[in-house]
Amino acid sequence: MGAGDDQGFADVLNGFSLNFRSGGRGTASRAEPSAPRRTAAPATDESDFPVEQAASVRAYAWTGGRTHSVHRLEIETLVTTSARALDRMDDLKGEHQEIAELCRHSKSVAEVGALLRLPLGVVKVLLGDMAVLGLVIVHESASASPDMELLERVLKGLTNLRTGPLPAL
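Numbering (my numbering), first residue to last: 105 to 273.
If you're looking for bench data, these hints aren't it; they were derived computationally from the structure. Among the hints, a few may not be true.
Pairwise CB distance ranges, derived in the manner of DEER restraints [to be verified]: (1) 223 x 259: 35 to 43 Å; (2) 265 x 209: 31 to 39 Å; (3) 176 x 252: 20 to 28 Å; (4) 218 x 194: 23 to 31 Å; (5) 192 x 243: 33 to 41 Å.
A virtual CB, placed ideally from N, CA and C, is assigned to each residue, including glycine.
Please build the complete structure, drawing on both the sequences and the hints.
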(Lines of atoms letter the chains of each structure in order from A; the text may use other names.)
(Lines give C-alpha, C1' and ligand atoms only; values in the text may rest on other atoms or scores of the structure.)
Protein backbone atom coordinates (compact mmCIF):
# COMPACT_ATOMS: atom_id res chain seq x y z
CA MET A 105 0.00 0.00 0.00
CA GLY A 106 1.26 3.45 -0.84
CA ALA A 107 1.30 6.45 1.41
CA GLY A 108 -1.75 7.92 -0.35
CA ASP A 109 -3.97 4.87 0.20
CA ASP A 110 -6.65 5.59 2.77
CA GLN A 111 -7.89 2.01 2.93
CA GLY A 112 -6.61 -0.17 5.70
CA PHE A 113 -6.40 -3.94 5.69
CA ALA A 114 -9.80 -4.29 7.37
CA ASP A 115 -11.44 -2.03 4.74
CA VAL A 116 -9.99 -4.12 1.93
CA LEU A 117 -11.00 -7.35 3.62
CA ASN A 118 -14.52 -6.11 4.36
CA GLY A 119 -14.95 -5.02 0.73
CA PHE A 120 -13.76 -8.30 -0.74
CA SER A 121 -16.51 -10.40 -2.28
CA LEU A 122 -16.52 -14.11 -2.79
CA ASN A 123 -19.38 -13.74 -5.26
CA PHE A 124 -17.57 -14.41 -8.54
CA ARG A 125 -20.68 -13.65 -10.62
CA SER A 126 -20.61 -10.00 -9.60
CA GLY A 127 -17.89 -9.02 -11.98
CA GLY A 128 -14.60 -10.23 -10.73
CA ARG A 129 -12.18 -10.49 -7.97
CA GLY A 130 -11.88 -7.75 -5.39
CA THR A 131 -15.12 -6.02 -6.21
CA ALA A 132 -17.26 -5.30 -3.28
CA SER A 133 -20.90 -6.16 -3.19
CA ARG A 134 -22.38 -3.18 -1.43
CA ALA A 135 -25.74 -4.66 -0.55
CA GLU A 136 -27.20 -3.32 2.65
CA PRO A 137 -26.77 -5.78 5.47
CA SER A 138 -29.94 -7.41 6.61
CA ALA A 139 -31.15 -6.94 10.15
CA PRO A 140 -29.80 -9.59 12.47
CA ARG A 141 -32.16 -12.42 13.13
CA ARG A 142 -33.47 -12.63 16.63
CA THR A 143 -33.65 -16.09 17.99
CA ALA A 144 -35.01 -16.94 21.36
CA ALA A 145 -32.35 -17.88 23.85
CA PRO A 146 -32.65 -21.49 24.89
CA ALA A 147 -34.33 -21.90 28.21
CA THR A 148 -31.81 -22.75 30.89
CA ASP A 149 -32.53 -24.69 33.96
CA GLU A 150 -30.46 -24.17 37.10
CA SER A 151 -29.74 -27.88 37.03
CA ASP A 152 -27.73 -27.27 33.82
CA PHE A 153 -24.89 -25.77 35.88
CA PRO A 154 -22.64 -28.24 37.69
CA VAL A 155 -22.57 -28.01 41.47
CA GLU A 156 -18.76 -27.93 41.46
CA GLN A 157 -18.78 -24.82 39.27
CA ALA A 158 -21.24 -23.08 41.57
CA ALA A 159 -19.13 -24.02 44.59
CA SER A 160 -15.97 -22.60 43.05
CA VAL A 161 -17.72 -19.34 42.18
CA ARG A 162 -19.13 -19.13 45.71
CA ALA A 163 -15.69 -19.81 47.20
CA TYR A 164 -14.17 -17.08 45.03
CA ALA A 165 -16.84 -14.66 46.22
CA TRP A 166 -16.25 -15.61 49.86
CA THR A 167 -12.53 -14.83 49.63
CA GLY A 168 -12.84 -11.87 47.29
CA GLY A 169 -10.39 -13.64 45.02
CA ARG A 170 -7.67 -13.68 47.67
CA THR A 171 -5.44 -16.74 47.81
CA HIS A 172 -3.34 -16.06 50.91
CA SER A 173 -4.14 -15.47 54.54
CA VAL A 174 -2.53 -13.07 56.98
CA HIS A 175 -1.94 -16.04 59.30
CA ARG A 176 0.42 -18.83 58.35
CA LEU A 177 -1.88 -21.83 58.41
CA GLU A 178 -0.50 -25.27 57.60
CA ILE A 179 -2.76 -28.21 56.81
CA GLU A 180 -2.09 -29.68 60.26
CA THR A 181 -2.74 -26.40 62.13
CA LEU A 182 -5.55 -26.82 64.63
CA VAL A 183 -8.30 -24.22 64.98
CA THR A 184 -11.06 -23.94 67.56
CA THR A 185 -14.09 -21.68 67.68
CA SER A 186 -13.61 -18.85 70.17
CA ALA A 187 -16.07 -17.81 72.87
CA ARG A 188 -16.58 -14.58 70.94
CA ALA A 189 -17.83 -16.51 67.90
CA LEU A 190 -20.12 -18.65 70.02
CA ASP A 191 -21.66 -15.51 71.54
CA ARG A 192 -22.20 -13.92 68.12
CA MET A 193 -23.16 -17.06 66.17
CA ASP A 194 -26.41 -15.57 64.81
CA ASP A 195 -24.59 -12.47 63.52
CA LEU A 196 -21.88 -14.34 61.61
CA LYS A 197 -21.79 -14.60 57.83
CA GLY A 198 -22.95 -17.96 56.50
CA GLU A 199 -19.51 -19.37 55.73
CA HIS A 200 -18.09 -18.17 59.06
CA GLN A 201 -21.07 -19.63 60.89
CA GLU A 202 -20.54 -22.97 59.17
CA ILE A 203 -16.86 -23.04 60.13
CA ALA A 204 -17.62 -21.93 63.70
CA GLU A 205 -20.07 -24.84 64.06
CA LEU A 206 -17.48 -27.31 62.75
CA CYS A 207 -14.68 -26.02 64.97
CA ARG A 208 -16.49 -26.19 68.32
CA HIS A 209 -14.02 -29.03 68.89
CA SER A 210 -10.53 -28.51 67.48
CA LYS A 211 -10.14 -29.39 63.83
CA SER A 212 -7.18 -29.20 61.51
CA VAL A 213 -7.28 -26.89 58.51
CA ALA A 214 -7.33 -29.99 56.28
CA GLU A 215 -10.34 -31.42 58.15
CA VAL A 216 -12.27 -28.16 57.79
CA GLY A 217 -11.57 -28.16 54.05
CA ALA A 218 -12.60 -31.78 53.65
CA LEU A 219 -15.79 -31.41 55.68
CA LEU A 220 -16.83 -28.25 53.81
CA ARG A 221 -15.65 -29.65 50.46
CA LEU A 222 -13.71 -26.48 49.76
CA PRO A 223 -10.23 -26.02 48.33
CA LEU A 224 -7.51 -25.73 50.96
CA GLY A 225 -6.55 -22.22 49.83
CA VAL A 226 -10.10 -20.98 50.34
CA VAL A 227 -10.28 -22.56 53.79
CA LYS A 228 -6.97 -20.95 54.79
CA VAL A 229 -8.22 -17.51 53.72
CA LEU A 230 -11.54 -17.92 55.55
CA LEU A 231 -9.87 -19.21 58.72
CA GLY A 232 -7.32 -16.40 58.54
CA ASP A 233 -10.12 -13.84 58.29
CA MET A 234 -11.88 -15.45 61.24
CA ALA A 235 -8.66 -15.42 63.29
CA VAL A 236 -8.21 -11.69 62.61
CA LEU A 237 -11.79 -11.10 63.79
CA GLY A 238 -11.20 -13.22 66.90
CA LEU A 239 -13.72 -15.86 65.84
CA VAL A 240 -11.31 -18.80 65.93
CA ILE A 241 -8.27 -19.63 68.02
CA VAL A 242 -5.29 -20.77 65.96
CA HIS A 243 -3.21 -23.32 67.87
CA GLU A 244 0.43 -22.91 66.93
CA SER A 245 2.04 -25.81 65.08
CA ALA A 246 5.40 -27.20 66.06
CA SER A 247 8.22 -24.74 65.52
CA ALA A 248 9.65 -24.45 62.05
CA SER A 249 13.24 -24.83 63.23
CA PRO A 250 14.21 -28.40 64.15
CA ASP A 251 15.46 -29.20 67.62
CA MET A 252 19.09 -30.31 67.21
CA GLU A 253 19.01 -32.56 70.27
CA LEU A 254 15.97 -34.37 68.90
CA LEU A 255 17.60 -34.78 65.49
CA GLU A 256 20.74 -36.25 67.10
CA ARG A 257 18.66 -38.78 69.07
CA VAL A 258 16.78 -39.76 65.90
CA LEU A 259 20.04 -40.17 64.01
CA LYS A 260 21.49 -42.31 66.80
CA GLY A 261 18.34 -44.44 66.85
CA LEU A 262 18.45 -44.96 63.08
CA THR A 263 22.12 -45.87 63.24
CA ASN A 264 21.36 -48.42 65.98
CA LEU A 265 18.67 -49.98 63.83
CA ARG A 266 21.07 -50.40 60.94
CA THR A 267 24.25 -51.54 62.71
CA GLY A 268 23.26 -52.55 66.19
CA PRO A 269 23.96 -50.63 69.37
CA LEU A 270 27.05 -48.46 69.42
CA PRO A 271 29.66 -49.26 72.05
CA ALA A 272 29.68 -46.95 75.02
CA LEU A 273 32.43 -44.38 74.90
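Against the structure, the hints come out as follows:
{"no.": "1", "hint": "223 x 259: 35 to 43 Å", "result": "holds (38 Å)"}
{"no.": "2", "hint": "265 x 209: 31 to 39 Å", "result": "holds (37 Å)"}
{"no.": "3", "hint": "176 x 252: 20 to 28 Å", "result": "holds (23 Å)"}
{"no.": "4", "hint": "218 x 194: 23 to 31 Å", "result": "holds (26 Å)"}
{"no.": "5", "hint": "192 x 243: 33 to 41 Å", "result": "violated (21 Å)"}
When each numbered hint is compared with the structure, a violation occurs for hint 5 only.
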